[in-house]
Amino acid sequence: MESSVKPTTSVKLVLLGEAAVGKSSLVLRFVSDDFQENKEPTIGAAFLTQKCTLANRVVKFEIWDTAGQERFASLAPMYYRNAQSAVVVYDVTKPASFIRARHWVNELKSQGSPNIIIALVGNKLDLTGEQEGQEPGPVVSRDEAAAATGDLPGRKVSYQEGEKLAQEEGLLFFEASAKTGFNVRKIFLAIANKIPLETAKPSTTGQIGGERPLELNQASTQDTSCQC
Amino acid sequence: MSLFANLRARAVQLFDNSDTGGIYSREQTKDELFRAKYKLPEPETPMQTVPVQLVAIESGGPMTGPTFEGDLTLSESFLLFECHKNARACCFALPLVVVRRVERLPSRNYLFALQIELYPGHAIIVNFNGLISGCEEFCAMFKQNLRTNLPLAKQARKFSTTFYSEYMVDFLEWKRTTPNDEASKPQPPEGGLGRTFGFPGDAKKLRDRAKVRLWAEYFQSHGRNITLICQPGFYKLIRVGLPNRLRGEIWEECSGAVYHRLRSPNFYESMLLEYTGQASLAIEEIEKDLNRSLPEYQGYQSPEGIDKLRRVLTAYSWKNPEVGYCQAMNIVAAALLIYQTEEQAFWTLNILCNNMLPGYYSRTMYGTLLDQKVLEKLMERTMPMLYVHMQKREVPLSVVSLPWFLSLFINAMPLVYAFRIMDIFFLEGSRVLFQVALAIFKVNGEVILAAEDNTKIVEVLRNYFDTLDQPCGFPARPGKPPVTKFQELMVIAFREFSVITDKMIRGYRAKNESQILTEIETFAKRTQLRNLPKTSHLTVDQTSLIYDKFYASVQEQRPGLGGHTQNLSFSQFLTFLSGICLSMQPKYISRKELERNDFIRRLFKNWDHKSRDELSLADVVAGVDGLYSGNLMDAMNCFFELFAKENNVIDENGILAMSEAMLLFMRPFSQQDGLLDRKSQLELNKVTIEDPDRMAAAQDEIRQQQSVRYLSAVSGFIQRAAAQAKLDGETVNVTHHMDLIDFNEESDTEEKPETRPAGLSLPSFRMVVLADETLEDFFSETLRALMDLAGGASYRSPVLALRSVVDGLISDGYRMAGEVRRRIDELDKSMDGLDLDTNVTSSDRSLLED
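One line per chain: the protein sequences are A and B, in this order.
All the letters of the first sequence, read from the start, carry residue numbers 1 to 228 under UniProt numbering.
All the letters of the second sequence, read from the start, carry residue numbers 1 to 850 under UniProt numbering.
Isolated chain A, as found in the complex (with noise of 0.2 Å):
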């Protein structure tokens, strides 16, 4: 195959978002063309791969899916450390995710690795009911939305205030559907296009990111030194 002879990146990507957004499904659409109507939360995170084929290399993708619970949080920089990329997920039907959203996009500005590549994603667009690619139509209060989709939740975060956000703090912005396949793989797709060529993955003693927060394997001889 030619592609064993591209070279291959490593990149490690981090999804984040509130809980029950889809964040796992994405990652299952990507890496297995599958879904599940009914998936177990993911309890701390799950480890996966997946490899991105481009014109002129392969993006192998580390994948750490996070659990979404407010309170799994603190655990949350555990898990962002070092990632070159993040997927901070909402869920279109579900304000209250949006306003998650942001609050990751923010915490990975100031805690994540410098110039760390962030996709904003809108996931569950099948609930809206409205037909996949169309172009986004003119701002729909949430009560007309709601109408038109019948049975369905309806959309409640508009593809404007998505892209208003995405625009704000230049991220890159899709609204997906991890059970339709919609735009999933443009999101990798994406992200592994925006990674510069020589970001090999860094090398495991040489530190990037900020301040490391919640720290769970700090070398034991750390252990007395006080807090002051």
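Just so you know, these hints were derived from the structure itself, not from any lab.
Stretch-level coverage of chain A by chain B, calculated; a stretch enters the list once three of its residues show a Cβ under 8 Å from a Cβ in chain B:
#1 76 to 84
#2 103 to 114
Derived pair list, reagent style PhoX-like, types lysine-lysine, alpha-carbon separation capped at 25 Å:
#3 A:K179 - B:K288
#4 A:K51 - A:K179
#5 A:K60 - A:K109
#6 A:K109 - B:K534
#7 A:K39 - B:K288
#8 A:K109 - B:K525
#9 A:K156 - B:K288
#10 A:K60 - B:K392
#11 A:K51 - B:K456
#12 B:K288 - A:K94
Even for Gly, the Cβ is constructed at its ideal location relative to N, Cα and C.
Assemble the complex: chain A is given as a structure, and chain B must be docked to it using the hints.
Frame of chain A; chain B shown alone:
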């Protein structure tokens, strides 16, 4: 130097052993140890203990048997025994309600003996061999306790029918005596989902029937459920894996959950009833996960299973609002419900989350994080090579093992094996999780060492779990099936890692707890501060200080433990205020007065944007930000807003209330021994420079003047504000009157212009304030100066703070010693050649000239 090092080591030792605000650093009390040992509910306490020789008499057996030397303990409603030599040889915790008869036996060798008959038919003979007075006292107390527990005995009979073990024995009895009488055939009690939807695993392969027969035999002779006497056979039967129909019951008995169910009948039902229809964050979170809990199990594809799971998790969240719901609890509860009834699962979940794995599922999950740290320490101790290797990896070990601990291996291993581990876990406690985790790493150690990247490690472990039923390659004994990987794992976990003891784990927990809590607290603070709305006047440091004072007022325990309350109640608000504003300190105002103060109530109500009768951190920060503006106009607006009515004016009562509020703030300046404000300070400086001797006298005088100045400023304010309000009121009335003429010409004659209450508008308020210099100063700077936002220390337990002081002192000592040595060295050097004397004096002189 060695003196310093010694001193430091001692100090550190002293501090490390003392309370740092965690749950493990504290010594357990005698009562707590007692309850933990026998898994008893609160408030059981050891009332009396006597040394005895005990004989367990099997039901229907001869009146003799092996004797056990041990301690017999009486608590409020239990009788407990533990064999001295080996606790596993014979031990029990019998609720007094199961005692049917107590008889004093004639005894030759002993002082006296008791025969205690229990309801199911077995008995124990107790030979007392302590001092006679102690034994008599014990017996008297025993009698008394039996009497107090008597009213509950009837309920206990009914309680025993909820156990499958009871049914088993009854059924065997029925089969033996009246097998043809269908009417008297006993019916099995309610059970877990497994009875309807099937139990995981192949019952035949698991030799379920044989196990049931062995248990039936044990129950018949040694008692069952709450009358169980634990002897070696009991532990053996657990180790080989529990049979499906008894699993739920034995889990409940081993964990002690059964005693809670016994103690609080109907609690579960009434809990659900009480909160019917109420919403909470926990419920929202539970709903998200109901369809995602063991979704492959048939019972959870049906509404019956889902409803049970919902009720158990919801009831738990109402009973433990400080924990609420944590992901992974759904998986654990789903597992319990396959084998247990809702009520059993509810109590078992309570014991599991609160007693067996404290802090695991809490808001901060500190228990989980702490135990991952402990696991690393244990690994470092038992498998240093592997530990070093994992340390070098970019990803810490805990990433792999954390989900195991949180979900009791349920989401890692095939269910049958996870349940086998749970069988032992409920008996032995959290140590089992460490032993199994270490064994997993041990078995896969070589492959992990050889793995080139994380992907490989995860893959190896996943593959290992999937093949636990396969032969491990260890030669089987002739005629026996090959040893499976799971069996190998069990042997390594409980034989090789038997060196891991509860005491060792507790030691590591105590040692690392404070660090984990500090890390959590640092993280939580940073996140919360980042997500606060922007402030216009407060700096980052000041907001951080408010954060500390907020949490210091809201919680008595360390925030890292994840207590329930996240918002300030009114009373906590008072504590917060006295910590943040000079005028609200106890020195100037008593707590009672503060509680009744009208202004404080207004402030609380005004800051409480969501009208929840409590203040969030965001509310408080926004509120203080307003008061702290230091900008004359903003401060006046902020104050005005507190007293303004809906029509945006302040009425007469409001003016009085406002002046009282000003007086409250001004207390530090108006009291006899109060502080000096800027103006007074300037005056004092002037006097001091002019005539230093008069300073003390002048100080009193100036203070007196200042006091008068403040009081008259406020009284002037009342007068002028009242006059202005009246004027404002008249203006309003005039315009109103004109309106009437314009629009209501016909009714003009009938309706007299109504007299509106006089009110002070914002512009008039400003005018009145600006007319007085002291008041102007008050709003433009005094108010701000009264806010005590200069500190910078983050939350720290007193001991930690003290420790850092000592550390500081000692490092200062080192530095000083180093400095002294350096100077002596320099001196020595300079003495060698230079003319030291002249050099120093000339530099001294130049200093003086400066």
